[in-house]
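Below are the chains, spelled out letter by letter.
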Amino acid sequence: MMVRGFQDFGMLKVAPLIPLAPLIASVLVGTTGHRFSRGASHWPVLIGVALALVGSVMVAGTVYFELPYEYADTYRLYEWIAPTLVTSFTVSFCIDPLTGVMLLTVCAISLLVVIYSRDSMRHHGHPERGYERFFAFLGLFVFAMCTLVLAGNFLLLFLGWEAVGLCSYLMIGFHYDRPAAASAARKAFLVNRVGDFGFGLGILCIYLWISPLTNAWDNPLDYAVVFARVGDLAPWQCTTIALLLFCGAIGKSAQLPLHVWLPEAVEGPAPVSALIHAATMVTAGVYMVARCGPIFAQSPVALGGVAVIGAVTAILAATIALAQYDMKRILAYSTISQLGFMFVGLGVGAADSAVFHLYTHAFFKALLFLGAGSVMHAMGGQMDVREFGGLRRVLPVTYATFLVGGMAMAGVPFLSGFFSENELIHAAFGFHAWLGPMLGGLALLTALLTAFYTFRMVFLAFHGPQRIPDGVDVREPGRWMRVPLLLLAVGAVVAGYAGVHPGLGGFAGVIAPNGSFHEYVRPVLSPNTTVGADASPAVGHGRYLLMYVSAVVALLGIAAAYVLYVRRRAWADAVPAAMPTAHQWVHDSCYVDEVNEAVVVRPLRRAGVLCYATDNFVIDGFLWLITVVPRIAAFFLRELQGGSLQGYGLTMTVGLLVILVVALLAN
Amino acid sequence: MTELTTEFWFPPAGQLGWFAPELALIATIVAVVAVPIILGRRARLSACVALLGVVAALLLTGDVGRRVAEEAAAGLAPPGAPPMLIADNFAVFFKAFLLLFLTLVTVLWLFGLTGRRPALARRFAAHSVEFFVLLLGSALGMMVMVSTLNLLMIILAIELASLPSYALAGYDKRDPAGAEASLKYVLFGAVTAAITLYGVSLLYGAFGTLDIPTIAAAMAGGGAGVGAALGLLGLCVGIGFKISAVPFHFWCPDVFEGATIEVATWLSVASKAAGLGLLLRVVTAMGSLDDALAITVGIVATATCTLANFAAYRQQNVKRILAYSSIAHAGYMLMAAAVFVPAASEAEPNLAASALLLYLLTYLFMNFGVFAATACVEWETGSSALSNFIGLGRRAPWLAVPMAVCLLSLVGLPPLGGFLAKWWLLVALGSGAAEHDRLWGLVLVLVLNTLFSLYYYLRIIYMMFLRTEWSRPAPLAPHVGGLVLVNACAVVLLLFGTLGARAVKLLADEYAVHLYAAPLARAAAALVP
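In the order they appear, the protein sequences are chains A and B. According to this note's numbering, the first sequence is numbered sequentially starting from 1. According to this note's numbering, the second sequence is numbered sequentially starting from 1.
Just so you know, these hints were derived from the structure itself, not from any lab. You may find that some hints are simply not true.
[Stated by the list, open to error] Sample of chain B residues at the chain A side, in silico, Cβ under 10 Å:
#, residue
1, Val445
2, Val447
3, Arg502
[What the hints assert, rightly or not] If you anchor each label on the Cβ, the simulated ranges turn out as follows:
#, chain 1, residue 1, chain 2, residue 2, range
4, A, Trp43, B, Ile38, 40 to 48 Å
5, B, Arg467, A, Asp177, 23 to 31 Å
6, A, Ser183, B, Asp175, 55 to 63 Å
7, A, Trp43, B, Leu59, 38 to 46 Å
8, A, Leu213, B, Val491, 36 to 44 Å
[To be verified] Covered stretches of chain A, as calculated for chain B (at least 3 residues, CB under 8 Å):
#, region
9, 579-586
10, 629-635
Ideal Cβ positions, reconstructed from N, Cα and C, are used throughout, including at glycine.
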């Protein structure tokens, strides 16, 4: 653990390029795009993000092959007011395997989404209104996300955190003339404020409690400093910090009760949903909790809280997804549910598995969202699965890739989702004497529901009799959209193999968990990995048993969906009819919004009225009183400077006399 | 006590070499007069000759700076006597600063030739030779001001800087406002010069020498008296006039409003910089004179910035607002002179001096930026009334945005250079306050005044961006060169506040060491027994 310069590590010199290249591209497109590049605006951003990806590969490779790796190395790039007492504003990067994984995931998915957007943001070959704005925002987002991931101290992390939030707001409200989009953007921003308030408080607590423990020249917000000193804090302090930080994660990663913004965020364009609201930004909370592992490891209470909130969110969101008809909303709820899974992993101490799931999830969820976007593009903006169906013949590529993504998410064996999800369930079972089995059971049930609702969507949209809304000219998307879909489909299949040992026995005789991915990230995450230690491939037939169980569960869910939505559609329709209240309840997201409104919004609004009154009468009045003095003074001074030379001379003489008296009295 | 040598003495070439920039400037003045005789009177030609000369002087300053760093700081001194003129780090900084600013002002003048409407431009260009002789002359005076501790040279330098300035203020003699401003300036200058001379003669009478360090040493030896105190105050009146400290500031708003914008720009920074450099030199040479001088300077600084900030509130002309703003900033910078924190050793940077240098450097860019922006508006619309700035954000965004940046920097908001300038000043005040509690008062004054000043700076920004008129004003097409200057200033300020923050601080530190070559007299006795 040390603070270094880049010069020691050749390849790491490209690290600043990773956020800067997309930023430059974004500024270029944002300032000159409407005049010059117009329909070619995707090129600068594409190149910028591609450079960022190249940089990420170099950085991740250097971390893997060259660094004598210790723990949380910090590279200081720039200090604001350098030789002074205030050292807390520093631009420093933390480059370690966790950063490497996140960078690779973010940049790879971003690049594919940029490529996809080129056609997705066109209608009949013409760029949509705001085409250059879209790509400027996209570049800005990649910059912000890379800053967040690379940050080596909490202040920079917070800056990146807020910047991705801003990008999310701008992107959800991309079609700002649509009231639904504008209101969804506002909601996302406000809900995130609630979480970020806690996050900010957490950082403040870190600053206040850590700085007395450190040397004067250390930045008390540096990861390395904080993680080294966090053991010296009292347990209640650790718990407070951890829970406050987790507040931020709840908001950003859409966990109960702040998940309400994510389903509405699908009002943004489909590529944005894929990138920001499925693959990358929403996983920032998971990344942050994993990064702050040393803090959370000090507090079993906080860890338990993370696990419980994750499990409850997972099952709740999966249940709500059962009763949704909008494809993108189903996917949004599934994202919430999958993020819940990751938090379960973090809470039970399997941070490596959580990050592994983050990584596989990015591929298949981006694929599903882009597939949904492709359907939407073909259906002329229609997303409701009751309005169309049987599209597998007219959209074969979309169907095939969507099916692969769905299978990966449902946990079908040998696809990426299966490996990571299974690890999390296993870790949950082994967590705690009685809490563990409960969490594990919930997770298993969620897996069943996930398989079911995913294939409900697949079957409703692509199987059955072909139904296409009137006046829609269905065409398979263009090359720019097809290529990312195919690449992501490949990713959804093979990404998981980074995390297993193929051919070493284990599941089905060929798959043993804990592969090179885990070895790569373990140096960072091992201090707060409790399960990882005993999860070497040699141990535990129980783990393999669980793998069989979850494989059966996934197939069961798919089979149930097949029966209900392909074979016996009448049965499926009978369910809402039989339980109208329950169905309505689930369809309306279990009324979490309404509870929030009553518990948080209304009291706040009342407090707001009070604050407004105070501001308007007390503070404004006070300020008015303060400004009276300068204004009266200004009036007299203006008279003094009236332009008459005699007046000037008199005033000067009097002033000089006053100075004389002062100088003589000063002795 | 050293006697002044009475026989005629001509400095050897080696010593004159330290003052190559000044000599270059004198040569330029001659060239500005001579070249039109050969090539004919053309405004552009005069400007280009002046520009060449100034750039040459700037290069020579760089050379002198290198030599000062290598060899021991020296000056222009008769054998066995204290130096008449000093060549040291501090002087080099100020000379380079003044010459850099002179370059910018000359460029602005050149742009003004094409930026103005043709009729005005012809009138403006009519006496270009005289203009540059006067401008270079006042610059020469200012350069001498910052490199001497000899009373005679101080008087000479102040007058050399002031006399051309009076003429510059009324340069456009057909403009009644300019003539009036010039007259007021002259009268003020004459009165303060008289007081200064009186003070200096008192000092000479009391101590029989013109060398300030010698006087300081004599005072430290118990030679101080009421006469000496009066003499020192008289000297400070002259300096106060140059930096327009309250109550010697009355000329400033009237002159800025009446003079052409180029002249106002020149006076707003150069005159103050030279005065502050001289003041800091005098104050440092006097050592810790039992606080009397420091307290006086502190009180004058407080009065200066507070009164100026209040007086700026109701002004309707941007040049007048900027005049008060420049007075207020002079007040802030005076605070640096009020901090007596001798550095631990000669080789350590003096905190207050370093803060002052950094502030000046930042102030140059923010003030020049705002003035150049105002010039662009004035060239186009004919006046600098605040109403001409309404809707500028829409009419000329490339002018309004950088101007707003410069204004915000003048307020002192992060992440701009103005913030760090104030920050380092506060650091200097704070570390001085560790020894003298009264300096906390100055900290408070600085912070409160920043708050007060927010109002009138934001008022301009409000006019430019938020105020909407029912009738849409026509778009403005500002002079391209002016735009480049303003934008460059904004970028520099942004750099000073962020990426360049460290470099600027190190630069200021570098020139704040070895504050002056003569031995520092630390007076133990009181100014007035």
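**Request:** Mind listing which of the numbered hints don't hold for this structure, in increasing order?
**Result:** 1, 2, 4 and 9
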